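Participant: Sequence:
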Amino acid sequence: MEYLYLKWIDYKTNKKYLIGALFRDKEKGKYYFKMSRKHVEKAIQEKVISEALLPFYDLDKIYESDEIFAIFKVRLPKIETYSQEEMKELLEDLEMDEYDEFEYLRKTKGMLVTDKYILEEEK
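This note's numbering applies: residue 1 is where the sequence shown begins, and numbers increase by one.
In case anyone wonders, no lab produced these hints; they're calculated from the structure. The structure presented is a predicted model; accordingly, all values stated were derived computationally and were not measured. Hints are not guaranteed to be accurate.
When the alpha-carbon atoms are kept at most 30 Å apart in a straight line, the in silico DSS-like pairs for lysine-lysine are as follows [what the hints assert, rightly or not]:
1. K38 x K116
2. K38 x K16
3. K16 x K61
4. K78 x K16
5. K38 x K107
6. K12 x K107
7. K7 x K78
8. K61 x K15
9. K61 x K109
10. K38 x K88
11. K34 x K109
12. K12 x K73
13. K78 x K38
14. K7 x K116
15. K61 x K28
16. K61 x K116
17. K34 x K88
18. K88 x K12
19. K73 x K107
20. K16 x K88
Assemble the whole structure, with the sequences as input and the hints as a guide.
Facilitator: Spelled out as structure tokens, the structure:
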């Protein structure tokens with residue numbers, strides 16, 4: 001199983017807070033997400049993030065889906081609008097042989113200008 005950690009970056013200190021983990025089981029074609037109760041509660045207590053900004057509400061549930069979850073989908077390019085040349089350029093830039101949503105998130109960290117979430121591998 002492959003996984004990436006979803007973290008929230010405090011805009012004041014740039015400190016990263018673990019929110020949860022995105023897992024992909026390639027064989028089953030499933031995605032899973034599990035919040036990290038301990039880390040989320042600490043971030044909320046320190047007033048770094050509010051519950052309203054959390055991607056899922058249940059801190060104890062393991063979410064499962066056949067498709068990548070919405071919070072991650074918005075971090076992906078709309079490749080259906082890409083020309084063959086644009087797609088080729090994207091793959092070359094990211095050193096990918098073929099487009100893969102999970103791999104794209106791994107390489108770009110899923111960063112957006114609209115929020116402070118980031119996806120990272122374990123270091």
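Participant: Can you give the numbers of the hints that this structure goes against, from lowest to highest?
Facilitator: 10, 13, 17, 18, 20
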